[in-house]
Amino acid sequence: MAARDFLDQRSANPLSVPKGPWSLIHVDPILLVLLIALMSFGLVVLYSGGDGSIEMVQAQGIRIGVAFVVMLIFAQLDPLVYRRWAPWLYLVGLCALVAVLLVGVGAKGAQRWLALPGLPRFQPSELMKLAVPMMAAWYLSRHYLPPRLSRVAIALLLVFLPMGLIIQQPDLGTSLLVGTAGVFVVFFAGISWRIVGAFFVMISVAAPLLWFFVMRDYQKQRVLTLLDPESDPLGAGWNIMQSKTAIGSGGWNGKGWMQGTQSHLEFLPESHTDFIVAVLAEEFGFVGILCLMALYLLIILRCLYIAANAQDSFSRLLAGALSMTFFIYVFVNVGMVSGLMPIVGVPLPLISYGGTSIVTLMAAFGVLMSIHTHRRMISA
Amino acid sequence: MPWGEFKDTAAERRLFQRRTLVVLIVLLVLMAVLIARMYQLQVIQHETFSTISDKNRVQVQSVAPTRGLVYDRNGVLLAENRPVFGVTIVPERVENLEETLADLQAILSISDEDLARFERRLDEPRRPFQELPLRYDLTEKEIASMAVHRHRLPGVEVDAELVRSYPHAEMTAHALGYVSRINRSELQRIDPVNYAGTNYIGKSGVERFYEKLLHGSVGYQHVETNARGRTLRVLERQKPVPGEDIRLHLDMRLQTRAFELLEGRRGAVVAIEPETGGVLALASVPGFDANLFVTGIGVEAYRELNESLDKPLFNRALRGQYPPGSTIKPMFGIAGLDSNTTTREREIWDPGYYKLNPRGRRYRDWKRSGHGWVNLDSAIAESCDIYFYDLAVEMGVDVMHDYLTRFGFGRDASLDVTGASEGLVPSRDWKRGTKDEPWYPGDSVNMGIGQGYNLATPFQLATATAVMANRGRWARPRLLMDVIGRDTVHDFLPEDNYEDIVLDNPDDWNFIIQGMRNVMHGSSGTARAAGRDATYEMAGKTGTAQVFSLAEDEEYEEEDVRERLRDHALFIGFAPVDNPKIAVAVIVENGGSGSGTAAPIARKMFDAWLLEMSGQPASVVAGALAGEPQ
Chain A
1 MAARDFLDQR SANPLSVPKG PWSLIHVDPI LLVLLIALMS FGLVVLYSGG
51 DGSIEMVQAQ GIRIGVAFVV MLIFAQLDPL VYRRWAPWLY LVGLCALVAV
101 LLVGVGAKGA QRWLALPGLP RFQPSELMKL AVPMMAAWYL SRHYLPPRLS
151 RVAIALLLVF LPMGLIIQQP DLGTSLLVGT AGVFVVFFAG ISWRIVGAFF
201 VMISVAAPLL WFFVMRDYQK QRVLTLLDPE SDPLGAGWNI MQSKTAIGSG
251 GWNGKGWMQG TQSHLEFLPE SHTDFIVAVL AEEFGFVGIL CLMALYLLII
301 LRCLYIAANA QDSFSRLLAG ALSMTFFIYV FVNVGMVSGL MPIVGVPLPL
351 ISYGGTSIVT LMAAFGVLMS IHTHRRMISA
Chain B
1001 MPWGEFKDTA AERRLFQRRT LVVLIVLLVL MAVLIARMYQ LQVIQHETFS
1051 TISDKNRVQV QSVAPTRGLV YDRNGVLLAE NRPVFGVTIV PERVENLEET
1101 LADLQAILSI SDEDLARFER RLDEPRRPFQ ELPLRYDLTE KEIASMAVHR
1151 HRLPGVEVDA ELVRSYPHAE MTAHALGYVS RINRSELQRI DPVNYAGTNY
1201 IGKSGVERFY EKLLHGSVGY QHVETNARGR TLRVLERQKP VPGEDIRLHL
1251 DMRLQTRAFE LLEGRRGAVV AIEPETGGVL ALASVPGFDA NLFVTGIGVE
1301 AYRELNESLD KPLFNRALRG QYPPGSTIKP MFGIAGLDSN TTTREREIWD
1351 PGYYKLNPRG RRYRDWKRSG HGWVNLDSAI AESCDIYFYD LAVEMGVDVM
1401 HDYLTRFGFG RDASLDVTGA SEGLVPSRDW KRGTKDEPWY PGDSVNMGIG
1451 QGYNLATPFQ LATATAVMAN RGRWARPRLL MDVIGRDTVH DFLPEDNYED
1501 IVLDNPDDWN FIIQGMRNVM HGSSGTARAA GRDATYEMAG KTGTAQVFSL
1551 AEDEEYEEED VRERLRDHAL FIGFAPVDNP KIAVAVIVEN GGSGSGTAAP
1601 IARKMFDAWL LEMSGQPASV VAGALAGEPQ
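From first to last, the protein sequence lines stand for chains A and B.
Oh and the first sequence: position 175 is 175 in this note's numbering, straight run, nothing missing.
For any residue, its number in this note's numbering is found by taking its place in the second sequence, counting from 1, and adding 1000.
A few of these clues could be false.
Cβ-Cβ distance ranges computed for the label pairs, FRET-style [stated by the list, open to error]:
1) P1192(B) - S40(A): 49 to 57 Å
2) D1103(B) - G164(A): 43 to 51 Å
3) D1159(B) - G355(A): 37 to 45 Å
4) Y1302(B) - F213(A): 57 to 65 Å
Calculated from the structure, these hints are not laboratory results.
For glycine and all other residues, C-beta sits at the position ideal for the given N, C-alpha and C.
Based on the sequences and whatever the hints tell you, model everything.
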């Protein structure tokens, strides 16, 4: 059904205005169905990953409810509003990031939260996941595309400034996601392939510099552990080895729901948060992983479809970047849990326990739905 | 929108869509990479990870068997198992190890040794969440204060294990031996499977000899554990077979009596039931508290025991090798008659000394004036040395060696008593081998009265006395009476294969025993004071062993020197004469004369056994079990 809609709409006139009750409340039914399917699956896995804790599922259900409300609210706002407010949002976010470094609170050696009197505690870096691509899209879409080199440079600066601030917290995972979101905007804007090539060259040069001057010891340790988990089987390597064992022992069909020994016997660390995909792989097997990947893929394809059919450059760039950020989430999380990438604190999107990332992600989906459902007869 | 710039929206859309296509391809490739990775782990390497996963969760735990109990002949418990509490720490669950250790030090006494051992284990490679022992054997008070403080000490646990305990402490240490932690060299020889859960092993005595019987067989359980090593459920289990409970011939009442009689002295008493060879009492005084050694004795306490002048760790009964002195004379009497070297009637003149040849050295009798005319009977009763000097020279070393060996001297005649010394019966070969000298007639003279090279343990003297009481029939001495719940004890005891001493004229036994009876009851018997007013007849022989040397550099108080240079007092004997129930050997170190010190102790042992204790089993004894252990 979803796939067929997708095919049908590919040939539809991009300038047409969608009709029907869904567009009245500015919701894309296909995306909605896919999200509900994914999150339901997620709750089932979470119940097992949290070792049968119904409280945990309830708490997560409430967060999902809140996130859906947030999505609905974001969907109601016209993309013009986002474009108008993008610079201010970005500035507020930047100030908040500086404030976090100065007066932030947190735990385990990282300052990530801002507790302003009279406001609930919040994490400015989450705001930047939306604000940075918006700002980059705003800046680049003011002029014709593809952008001139100088504008590309300024856009990248706008991206790397908050990224650098977030690294200082330190929060490598979030800064990577924020950076990717911004860089995708620049890429979608149509910078020449030579610049893209140069960018990759730059990264390969920057990597050793990062290694020696920016990365903390614990981050280096993670990279080293990835390369040879057996070198430290009782320390950092423990996590990777246990999660690979959980995944591998699942086999084709898995050990069955609630039957995963690795997670239920506490061998698997963080089984309800960052490593939840290992629980899924252990209990539902390779088949379960294929289902999960199919759901993610459909969601991303739908998002890219929305992006491709957006009416103006700002919307396109923003939608494209948000879609790809969502994919990067998936890729980094599954990659790290399966031992392809070093361990960075990136949750499995929409499934891992924890509210912050779900709310941010659903807000992004709200923006995408807004882009898809607010259409004008004349191109802006 | 900025002004003055031409925006080609259609071109921008086409540009975006081209980029989207590129992104889409990259996305699909990366997605394929993830799926391929999952395929690799879940399908290709599934077997490997399945195995690792099972190894993770399923552990084989050994379940140590409960060590068998040891009872005395009346069912009095001699060795039991008591739960001992220790403190372990799971470092992963402790927030601040230093603080926790400091807190624990305020609650418990933790020695530097304990700390050092704990830190060594901390540095060794180990599983996460493994428990590391910190202290063993908490006192009642420490257990209580741990219970109070434990809630604020996460990661600190109190564990219990069953540990050997000897309720009679000092009194049974030398008779039973003891168990202690398995050491490195024992690890080499024990079956690692059967001892997988066992921390203790018999080090000496009964505990060592019957180790296999007492230990039992290890059990197993396959348990599912979580990452913290906590057992969640038992998947499969094979129960351990507990060790056998055994009963010894030892009578705790008699053993206690022996200790009381030797109170304040150094010495040994061994009592054997001649009929069975059962060891009724095996006392070495002073004793030591074997419980100290079970969980490991402190360096200070060990040094104190080890360096004590009274040598409490030394098992005098089994390992104390003394010149047997005159107590050897009845055996030589048998040897002399059976080898036709002398006759019952033969008399010799005792002027108070003996000379090998007219111009030779004078070997003195203990009685300077001499005994006058003596025959074999009176030579035993009065302990005449001259008669036995003469007899020894006449018999020669080969005959003496032969008969003494047949009485169990010079070898370990025990069936199941570990650590017994062999003593020494000199021979021509021995002397050539160790001294590189021939056997001189003078050596025979000294040997005739149990001095010279002769060495025997109290245990050997008691054994030989039992053989004498049995009129030559051998029942090798043993501790094990029965294994509870088993019909026969023969499966567990070594073969009782000593050849009985058969005399050409079996009545010679009664003749020599008559001499020993006269020691106790004769008008000039050396121990007639000890035999006075008895309601039964007893046979005995006194002896004294000279203390030869004292290292010159050892500094003793003068009083001590005088005391410790006195002769050792010896006595052997059995009773009643016609139907022997008990054979006893007594040695009191530096006790002076055998008749004055050792014989009265033996008399009291006889009285206790024959008058107080015979026919009165367990129920009267305080501390005995309510019923027979079977």
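Would you pick out the hints that fail for this structure and give their numbers low to high? none
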